[in-house]
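*Asks:* Residue strings, one per chain:
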Amino acid sequence: MNSRDQRPMDELDLLIRANLLQGVAARRPAPQTRRRLMARAVEQQSRKRWLAVHLFIQPAPPRLADWENAAWSRVAYFSLLRNLGFAGVSFYQFR
Amino acid sequence: MSEDAQLIRQLQAGDLEALGALYDRYRLTVFRTALAITRDTDAAEDILQEAFLRLHAYVDRVDTRLPLAPWLYRITVNLSYTWVTRRDKWRVPLEDFIEQLIGPVKYHPEPIAERNDELRVMQKAIEALTFSQRVVIVLYYLNDLSLQEIADILGCPVGTVKSRLHYGRENLRHLLDVDGSGSAAEVQYEFT
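Listed in order, the protein sequences are those of chains H and X.
Counting in my numbering, the final residue of the first sequence is number 95, and the numbers go up one at a time with none missing.
Counting in my numbering, the final residue of the second sequence is number 192, and the numbers go up one at a time with none missing.
Hints listed in this document are in silico derivations from the structure and should not be mistaken for laboratory results.
Because the structure is a prediction, the values reported are computed rather than measured.
One or more of the hints may lead you astray.
Unchecked claim - Once the Cα atoms are required to be at most 20 Å apart in a straight line, the calculated SDA-like pairs of lysine to any residue come out as: (1) K89/X - D46/X; (2) K124/X - D177/X; (3) K48/H - P31/H; (4) K124/X - R17/H; (5) K124/X - L15/H; (6) K162/X - R17/H; (7) K48/H - Q10/X; (8) K124/X - A43/X; (9) K124/X - E170/X; (10) K48/H - R54/X; (11) K124/X - W83/X; (12) K124/X - S146/X; (13) K89/X - A128/X; (14) K124/X - A26/H; (15) K162/X - S132/X; (16) K89/X - R39/X; (17) K162/X - N143/X; (18) K48/H - L16/X; (19) K124/X - L12/H; (20) K124/X - T85/X; (21) K48/H - D60/X; (22) K124/X - Q148/X; (23) K48/H - E17/X; (24) K48/H - L53/X; (25) K48/H - K89/X; (26) K162/X - D13/H; (27) K48/H - A13/X; (28) K162/X - L14/H; (29) K48/H - S163/X; (30) K162/X - S146/X; (31) K124/X - R27/H.
With the sequences and hints as input, model every part of the structure.
*Replies:* Put into structure tokens, the structure is as follows:
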């Protein structure tokens, strides 16, 4: 019986514990279980690294060039579009 | 820092030798716990392997300030639960079908304890418990864990563990036909 629970053992406790211990005492995992585990762990490690590279460390999204953000370029775009016939385009869309 | 914590740190850094070392330290505990719950050697082997693969997969979440054993017990119990429920899903209809073919053998009037092989009888009796009672019985008697430790592993109150242990014992007493009179009955509520 677990000594930390301060409970005296009775016949049933002894029977349960003895049989549980007897049932597993001589049993050990097969040696190939360790080998299988390590092989699968290597695969898992490779997969984790692949995911880290391909999913989590993506290249930064393309940024607009600085000149595209400049105020004068918006005016240029506006003029170009108006000249191409997009009369409905408002300058305020480019502010 | 404990040796477990050191090995966990190495594993977190990608050192698979540390996983092997942790396996060597805890393989018998995990294997025997899984075996006692599932009563199936192949299942216990699979659970052992899967428990350590999960340790590897989720090692970044393991708190190195806490002992590793309760974490492994929790994983082992969860994997055993998955295995037992999957097995029962297929086994029960098959057993019912066989019973229909060969006649009623399930409710035999002979007490189980009258059979000769005591170990086999005990194994059958433990297998007949509900999963939650079986887990508590195994962790308490086989792994020598306290009620509080079992409650922490299962994530339930200590009172629930006491209740499951009590009813598990009573069911085993009934199945094994052990005399319930005398000192055993007097002390059954004396858990602290």
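*Asks:* So, for every hint listed, does it hold in this structure?
*Replies:* Checked hints:
1. K89/X - D46/X: Since the Cα atoms of K89/X and D46/X sit roughly 19 Å apart, the hinted pair holds (cutoff 20 Å).
2. K124/X - D177/X: Given that 20 Å is the threshold and the Cα spacing comes to 13 Å, the pair holds.
3. K48/H - P31/H: Not satisfied, since the Cα-Cα distance of roughly 26 Å exceeds 20 Å.
4. K124/X - R17/H: 15 Å, holds
5. K124/X - L15/H: 14 Å, holds
6. K162/X - R17/H: Holds, at roughly 17 Å.
7. K48/H - Q10/X: 16 Å, holds
8. K124/X - A43/X: Roughly 17 Å between the alpha carbons, so the hint for K124/X and A43/X holds.
9. K124/X - E170/X: The hint holds at about 15 Å.
10. K48/H - R54/X: 13 Å, holds
11. K124/X - W83/X: At roughly 18 Å apart (the allowed maximum being 20 Å), W83/X and K124/X satisfy the hint.
12. K124/X - S146/X: The hint is violated at about 25 Å.
13. K89/X - A128/X: 15 Å, holds
14. K124/X - A26/H: 19 Å, holds
15. K162/X - S132/X: Holds, because 12 Å separates the two Cα atoms, which is no more than 20 Å.
16. K89/X - R39/X: The given pair, whose Cα atoms are some 16 Å apart, holds under the 20 Å limit.
17. K162/X - N143/X: 16 Å, holds
18. K48/H - L16/X: 13 Å, holds
19. K124/X - L12/H: 16 Å, holds
20. K124/X - T85/X: 17 Å, holds
21. K48/H - D60/X: 12 Å, holds
22. K124/X - Q148/X: Violated: K124/X and Q148/X sit about 28 Å apart, past 20 Å.
23. K48/H - E17/X: Judged against 20 Å, a Cα distance of about 17 Å means the pair holds.
24. K48/H - L53/X: Holds, because 13 Å separates the two Cα atoms, which is no more than 20 Å.
25. K48/H - K89/X: It is violated: about 33 Å lies between the C-alpha atoms, which goes past 20 Å.
26. K162/X - D13/H: Holds - the C-alpha atoms of D13/H and K162/X are around 14 Å apart, at most 20 Å.
27. K48/H - A13/X: 13 Å, holds
28. K162/X - L14/H: Holds - the C-alpha atoms of L14/H and K162/X are around 18 Å apart, at most 20 Å.
29. K48/H - S163/X: Since the Cα atoms of K48/H and S163/X sit roughly 43 Å apart, the hinted pair is violated (cutoff 20 Å).
30. K162/X - S146/X: 10 Å, holds
31. K124/X - R27/H: 18 Å, holds
When held up to the earlier numbered hints, the structure conflicts with 3, 12, 22, 25 and 29 and fits the remainder.
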